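6 protein chains.
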Amino acid sequence: MATVKLWTDEEVSANPRVKAIFDDIRATRKTDFVNNFWRALANQPELLQRTWASIKEVMIEPGALDPLTKELIYIAVSTTNSCSYCIHSHTAAARSKGLSDQQHAEFLAVIGMAAETNALANALQIPVDPEFVVD
Amino acid sequence: MATVKLWTDEEVSANPRVKAIFDDIRATRKTDFVNNFWRALANQPELLQRTWASIKEVMIEPGALDPLTKELIYIAVSTTNSCSYCIHSHTAAARSKGLSDQQHAEFLAVIGMAAETNALANALQIPVDPEFVVD
Amino acid sequence: MATVKLWTDEEVSANPRVKAIFDDIRATRKTDFVNNFWRALANQPELLQRTWASIKEVMIEPGALDPLTKELIYIAVSTTNSCSYCIHSHTAAARSKGLSDQQHAEFLAVIGMAAETNALANALQIPVDPEFVVD
Amino acid sequence: MATVKLWTDEEVSANPRVKAIFDDIRATRKTDFVNNFWRALANQPELLQRTWASIKEVMIEPGALDPLTKELIYIAVSTTNSCSYCIHSHTAAARSKGLSDQQHAEFLAVIGMAAETNALANALQIPVDPEFVVD
Amino acid sequence: MATVKLWTDEEVSANPRVKAIFDDIRATRKTDFVNNFWRALANQPELLQRTWASIKEVMIEPGALDPLTKELIYIAVSTTNSCSYCIHSHTAAARSKGLSDQQHAEFLAVIGMAAETNALANALQIPVDPEFVVD
Amino acid sequence: MATVKLWTDEEVSANPRVKAIFDDIRATRKTDFVNNFWRALANQPELLQRTWASIKEVMIEPGALDPLTKELIYIAVSTTNSCSYCIHSHTAAARSKGLSDQQHAEFLAVIGMAAETNALANALQIPVDPEFVVD
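Protein chains in written order, with numbering that gives the first Met the number 0: chain X, 0 to 134; chain A, 0 to 134; chain U, 0 to 134; chain S, 0 to 134; chain L, 0 to 134; chain B, 0 to 134.
Don't read these hints as lab results, they were simulated from the structure.
Model, not experiment: these values are computed from the prediction.
For every residue, glycine included, the Cβ atom is placed at its ideal position computed from N, Cα and C.
Warning: the hint list may mix true and false statements.
[Said to hold, decoys possible] Cβ-to-Cβ under 10 Å is the rule here; a few derived chain L residues that face chain U: (1) Met0; (2) Val57; (3) Pro61; (4) Arg94; (5) Glu130; (6) Val133.
[To be verified] So these bits of chain B aren't anywhere near chain A, every CB distance computed over 12 Å: (7) Ala1; (8) Asp23; (9) Phe32; (10) Val33; (11) Asn42; (12) Pro44; (13) Glu45; (14) Lys96.
[Unchecked claim] Simulated crosslink set (DSS-like; lysine-lysine; CA at most 30 Å straight-line): (15) A:Lys4 with U:Lys29; (16) X:Lys18 with B:Lys29; (17) A:Lys55 with A:Lys96; (18) B:Lys55 with L:Lys96; (19) U:Lys96 with S:Lys29; (20) S:Lys96 with U:Lys55; (21) L:Lys29 with X:Lys4; (22) U:Lys96 with A:Lys4; (23) B:Lys96 with A:Lys96; (24) B:Lys18 with U:Lys4; (25) A:Lys96 with X:Lys55; (26) S:Lys55 with A:Lys4; (27) L:Lys4 with S:Lys96; (28) S:Lys18 with A:Lys18; (29) S:Lys4 with A:Lys55; (30) A:Lys29 with A:Lys4; (31) X:Lys96 with S:Lys4; (32) X:Lys55 with B:Lys18; (33) S:Lys4 with S:Lys18; (34) X:Lys55 with B:Lys96; (35) U:Lys4 with B:Lys29; (36) L:Lys96 with L:Lys29; (37) L:Lys4 with U:Lys55; (38) S:Lys29 with L:Lys4; (39) L:Lys55 with U:Lys55; (40) B:Lys55 with X:Lys4.
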């Protein structure tokens, strides 16, 4: 159902710029599997390169937030944006990073409560308490 | 700018049902400060009661996700829903639970990347890889 | 804070096309008050004309849904879209059409539940039951 | 395409806590059919219990808004959130509660107008008229 | 998966009001192909008529923005709203109006950057610079 | 109302990394004015650097889409995401790049129509025509 062609491994191999990025995806993630997101972006090599560089820096390199927390934040945004592809791929990623059933249940409870109270606060147009503002 | 009246402490004190909930909010959070969200919901005592009971269970009682992680997930949803009140109140809550500047910076990077790749995946209507589906 | 000029009554009076639409707004609504939405659209007379014609047909002319129900549906969409202006103006309109406090409380409960279960259903990517599909 | 397992009746029967909730769903709705939403939530018994209790209180128990109006408000939120599952299930629910073709047509017209004017009001950043604010 | 029936050409031919609109769609677009959007709206002849009249005026009649630019703006909104149908149909329309691969790549980069910076600006609740406000 | 501190020119000057980026923003845009978005991001120098680099590449460097078209696409996304800051700043940017009143009026008409038909297509869950799918 894509609006663009998904590149096969053969097509990737025939394009040195795209092949170098796919090689780095495989080496960084230590798996031969490259998911459709990258096969779709292969049509736009510059966007592919910039997006992969950012994802690698933001989601994979070690930092102050652990990898599982980052995945949960990612799924929270993707769920609110109704991005079916992103919800599927990052829920799988969260599982591979150790998401337990209990954690998933609590995650779902939090995004549900957030969505509900967002609706209430927006409908009531509640003014921000001065205590919450940074001068 | 609210679409409903915000209840003062005097008005709260005059309504036993609302007062009992405000007392529990103050006792649970160990502070006398009650923010505008609850002062707006006071107009709907049933909704106030159910919402506070859920927030207490989901956001405050100990579980498999730590309190700061829950706040970040909450802000991620609220940002995507453009809920100004919720972003302000839960960013303040995250700070009070120890959010460091470095963690905030990484959080912002993650929600930015998620929003960007959501737009790309949606615009390209990328089909979900079979590897990501739970049978 | 508008991104365009808001037309004063003097400016409206100087433009026959815009004036005719403002006259119809006032006559149809039986009030001299014309809210900022129309004063902003006055910059684009064609859009003003088409939007007012549609609003009049959809929201004001009698039909199978009563006027208050239409306002609640309108606010539900506006809240989910975080349109502050629309939430304010249509909550006021709903009140002028008889919205009671109890109805407002139930409305808030429904939009809250919908937002919460939308988040859950999206996060779980639940497949549609065949019973819900129209052949 | 779910990100979690959907529970079969056999699996439900083997879990007393989940079974009790499914029994109540069937008894309350007076039908043996239990849709996939609840079969997905069965993985998180606490969330299942809290969500069903809220849905029952908000959507099923009699109140100041009639059941069909509540369904229309629900679909309005679900459409704006692009929740495919929720749109399907609640459009079916609205039909079972008597939604006529003419009412559906008017409902569609209202959500269309709301979405359009939300876009206009947001793009123009129209300031809220003082007349619409509750002090 | 529709929530309404999609009208076949036979059903269209049997309804003079709907047939007249379908005839105009075919004549205006110079093709016999009528896509499912109009076959679904055929259930609501008034909405069909008003929507087609607006689409024709806004998207087809010549103006100050060229047709391809209008399609890109349309897809940008549809992507952000996660409207799968609209993304597919208007990406096809943009291609038929000359969208090049390089333009598509740049379009994707722009909507990605916009979504990312929207998330950042919302999460940071940045106040609008006075320089950007129209008095 | 920001959730972070906005950096003054004095604070920027005291931080060489941030100062270098602000210098580049001023040189690239040929103006001394630096808007609040960058003053907020200054708290996160890495994010500031990566975001400015991307904005410069995507929005400023010449390509296959002209600068005004990119701004309109940007505003379309920002409006749909209800990002008040982004709508203000990019409407001002579009004006500085030559947006005429007639173009603005047509832009508003297009995003209004897109939002309206998104709501209709989502509510009707219209299946994608095979003609629109890329194999």
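Legend entry - Enumerated hints in conflict with the structure, sorted upward: 3, 4, 5, 7, 11, 12, 13, 16, 19, 23, 24, 28 and 34
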